[in-house]
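Could you slot chain B onto chain A? The hints should help.
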Amino acid sequence: MKLNELEIAKLTGFAAKATARDVETALDRRGSLETFAALISPAAAGPEYLEAMAQRAHALTTKHFGRVIRMFAPLYLSNECINVCRYCGFSRDNPILRVTLTVEQVEAEARYLHAEGFRHILLVAGEHPHFVSRAYLRDCVAALRPAWPSISLEVGPLETEEYRPIADAGAEGLVVYQETYDRAVYAAMHTSGPKKDFDWRLDTADRAYAAGFKRLGIGALLGLASWRGEAVALAAHATHLLRACWQSQLTISVPRLRPAAGEFEPLVHVADRELAQLVCALRLTFPEVGLVLSTRESAKLRDALVPLGVTMMSAGSHTEPGGYTGQGKDDLHVTKGGRRIESEGEFATVQFAIADNRSASEVARRLEGMGYEAVWKDWEGALSGA
Amino acid sequence: MTDRPQRLRIAGRDFNSRLIMGTGKFASGQIMADALDASGAELVTVALRRADLSGKGDKFANILTFIDASRYLLLPNTSGARTADEACRLARLGREATGSSWLKLEIHPDPRYLLPDSVETLRAAETLVKEGFTVLPYINADPVLAKRLQDAGCATVMPLGSPIGSARGIETRASIEIIIEQATVPVVVDAGLGAPSHAAEAMEMGADAVLVNTAIAVAADPVRMAAAFKAGVEAGRAAYEIGLASPRREASATSPLTGFFDEAQ
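If you read the sequences in order, they're chains A and B. For the first sequence, position 344 matches number 746 in our numbering, and the numbering has no gaps at all. For the second sequence, position 108 matches number 169 in our numbering, and the numbering has no gaps at all.
For reference, chain A alone in the conformation it holds in the complex (with noise of 0.2 Å):
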């Protein structure tokens, strides 16, 4: 896909200057990026806006999805990466803790998590062709299959014949974040390995669909670049994929940038309003479309944002690899310009901070208490795979 920039920068133009008459267009008539635009301006912020919204993404929501969130945990396969991304703890040169979980071990943790609830599974790990192989992602999937009704993968793109055993295997989900859709930015962030390649990896999400994934994750990670830009960008690539790929389930993520490994500090700030203002906007345009919410913000965020269009949760996460039950301890090392130092330690290190630190069967109490119910089980092995 290509991205019209020209157009993007002009409704991120008119992102910043929207009169409250347009916010009031756009509540009545949304659906367009234009109108997208116009609900993610300053004059939509204010409070009698942000409540109509408010209001509207809620009943929507309900409508579309019902009275319930959709459970899933993130299980790190490995934090070794031959990237370098300046704010991911994971990066190349950070002198942090790394392992790559084998096939037996990512099981046990795999069983933790089904203990806790949880039926669907999000298997994630740093791009590394030698230690993070298409075989081994294909062996991952192939062994929890059997448990697990629904297995995702956010892990380096791949060509389309590279993705096609792994959904072959039984993978229904394929996540990959642009990070950030200004591309000044984005040489600026990745500044060596693949990862470098913007449209490479912009094109992922069609390329994971030709593949037969049959639901598909983007975002962008807020914190880099000027967040409605982002947003247009994000919005405009959500409607590219609904139309060119569209068989398959959207969900869209917009996660903040949290204290990682390397001491990056955000470019840019955005408040907790703005969030939910984009979330608000995001459910006005694309109804339709899953909104996923990690662990990355805080408790009272996250309940506070549930009603106005979250569809996704994950709950209890940890974002090391071994980090449920403890694999892969006996392997930890550093990694020093491309070759393994053993070192000691207690755990792998963190991709990012997690700010919600409830247990799952917490987060589904307290769901529970808002009117919800957690649903652990929405997807079925039949329906995936070859």
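Since the hints were made in silico from the structure, they are not lab data. Idealized CB from N, CA, C, for every residue including glycine. Wrong hints could be hidden among the right ones.
Straight-line Cα separation of at most 30 Å, BS3-like style, residue types lysine-lysine; simulated pairs [said to hold, decoys possible]: (1) A:404 - A:419; (2) B:208 - B:191; (3) A:598 - A:738; (4) A:412 - A:598; (5) A:702 - B:208; (6) B:120 - A:465.
Here are a few chain A residues that sit away from chain B, every Cβ distance over 10 Å (derived from the structure) [claimed, not checked]: (7) 405; (8) 486; (9) 488; (10) 514; (11) 533; (12) 651; (13) 670; (14) 690; (15) 759.
Using the frame of chain A, we list chain B on its own:
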């Protein structure tokens, strides 16, 4: 005209209620169970993807435990399937796990509007009927497709009023009228019924039953809304059985006997 309400008969089985209930989108299993109770439904559909098909009594996928098997006939559905092959695979697993060979066949590859794929639906129906399933297919309001599915041995046809969850009512009226007129199996209007009046309208048109889910599940009070739909279905059906005056015939009458006077002036 009859003295007593006629019972609904699907695949040789009689039902007193003409309201079929869906079980998605409820805030809890208990609220769903209470709404089922209030609806008077006897036939209840459940998405197999929500149910435990592992045979291990998974308490994290326990939706079926809220549906009293002695009271309701379970109608598993294949929601989530995008192809005939996926639907058939899911149907077989479902039959093994639930023991029910009744199946609401749903194949909607477009997750935005959940519109059914006619080609894949017909293909899956032909296979599943041969395998002994009692197939109730969810379809577009396409009269020819309805006939083809009937010929394939389906137990009903279930044309949509409007897209699932849209609450837009019966936007496909003209086509549903043809389907009803030509049907040799019960016609169930499924999807898009947002108000009891929509359900009543379907019944007045001569539909044999309706299927409702979202409008009840996401109502502020699902239990009372279930009762409201029950009343709507019963009112519409009674009116149909008694025979409504045809509004069309009256509305089309111009003034053939007196129009002359206006023209003459």
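Quick rundown of the hints versus the structure:
Our distance criterion of 30 Å between C-alpha atoms is met by residue 404 of chain A and residue 419 of chain A, whose separation comes to about 26 Å. For the hint pairing residue 208 of chain B with residue 191 of chain B, the CA-to-CA distance comes to about 17 Å; that is within 30 Å, so the pair holds. The straight-line distance between the Cα atoms of residue 598 of chain A and residue 738 of chain A is roughly 21 Å, inside the 30 Å bound, and the hint therefore holds. Under the criterion of a C-alpha separation no larger than 30 Å, the hint pairing residue 412 of chain A with residue 598 of chain A is consistent with the structure, at around 26 Å.
The straight-line distance between the Cα atoms of residue 702 of chain A and residue 208 of chain B is roughly 55 Å, outside the 30 Å bound, and the hint therefore fails. As the CA atoms of residue 120 of chain B and residue 465 of chain A are separated by approximately 27 Å, the hinted pair is consistent with the 30 Å bound. Separation of residue 405 of chain A from chain B is adequate, the least Cβ-Cβ distance of about 21 Å exceeding the 10 Å criterion. No Cβ of chain B approaches the Cβ of residue 486 of chain A within 10 Å, the least distance being about 37 Å, so the stated non-interface status holds.
No Cβ of chain B comes within 10 Å of the Cβ of residue 488 of chain A; the nearest lies about 36 Å off, and the non-interface call holds. Even its closest Cβ contact with chain B, about 14 Å, leaves residue 514 of chain A beyond 10 Å, as expected for a residue assigned away from the interface. For residue 533 of chain A, the condition that its CB be more than 10 Å from all CB atoms of chain B holds, with the nearest at approximately 32 Å. A Cβ of chain B approaches the Cβ of residue 651 of chain A within 10 Å, the least distance being about 4 Å, so the stated non-interface status is violated.
Against the 10 Å criterion, residue 670 of chain A stays outside the reach of chain B, whose nearest CB is about 32 Å from its own CB. Once the 10 Å rule is applied to beta carbons, residue 690 of chain A is inconsistent with being away from chain B; the minimum gap is 4 Å. With a minimum CB-CB distance of about 21 Å to chain B, residue 759 of chain A clears the 10 Å threshold, and the non-interface call stands.
The structure shown violates the earlier hints numbered 5, 12 and 14.
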